[in-house]
Amino acid sequence: MPKDFPFLKKFEKKIEEAKSLDKNNRLARKLSLGPYQLAKKMGEESVEMVIASGKECDKDFLEESADVFYYYMLALHDRGYSLKDVLLILKDRDKNGKKDKVY
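Residue 1 is where the sequence shown starts when you use my numbering, and the numbers rise one by one after that.
These are computed hints drawn from the structure, not numbers from a lab.
Using N, Cα and C, we set each Cβ at its ideal position, and we do this for glycine too.
Honestly, I wouldn't trust all of these hints.
Here are the simulated distance ranges between beta carbons [claimed, not checked]:
1. 29 with 7: 17 to 25 Å
2. 95 with 37: 15 to 23 Å
3. 23 with 90: 16 to 24 Å
4. 16 with 43: 17 to 25 Å
5. 9 with 37: 34 to 42 Å
6. 63 with 16: 35 to 43 Å
7. 14 with 44: 31 to 39 Å
8. 94 with 3: 14 to 22 Å
In the EDC-like style, the derived pairs of lysine to aspartate or glutamate whose C-alpha atoms are separated by at most 20 Å in a straight line are [to be verified]:
9. 19 with 63
10. 19 with 4
11. 9 with 85
12. 19 with 85
13. 10 with 48
14. 41 with 4
15. 30 with 48
16. 40 with 63
17. 40 with 4
18. 91 with 4
19. 14 with 60
20. 84 with 16
21. 40 with 56
22. 30 with 67
23. 40 with 78
24. 9 with 48
25. 41 with 60
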């Protein structure tokens, strides 16, 4: 986990805790959507990010990027993974010379 972003660890902890919370909790409600609906929401946000990337407003692009990341994190945890698992794959690709998939 990047050391400059301790909130990522906190966010992942909140996601894990939300799995056992009542659906009155906003995060628990989103997690209860299940893999298909989470993927659909991530796709919708991705389309919005792509559209925003073609416009002049960097703020909109960054906001939509954050939305994609948010739902990506939920989808990862829904499947039992964390951001660390993905970062380890990138680290392994770098170590094994698969730079076309890293840089």
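Could you work out which of the previously given hints the structure breaks and list their numbers from low to high? 2, 3, 5, 6, 7, 9, 10, 13, 14, 17, 19, 21 and 24
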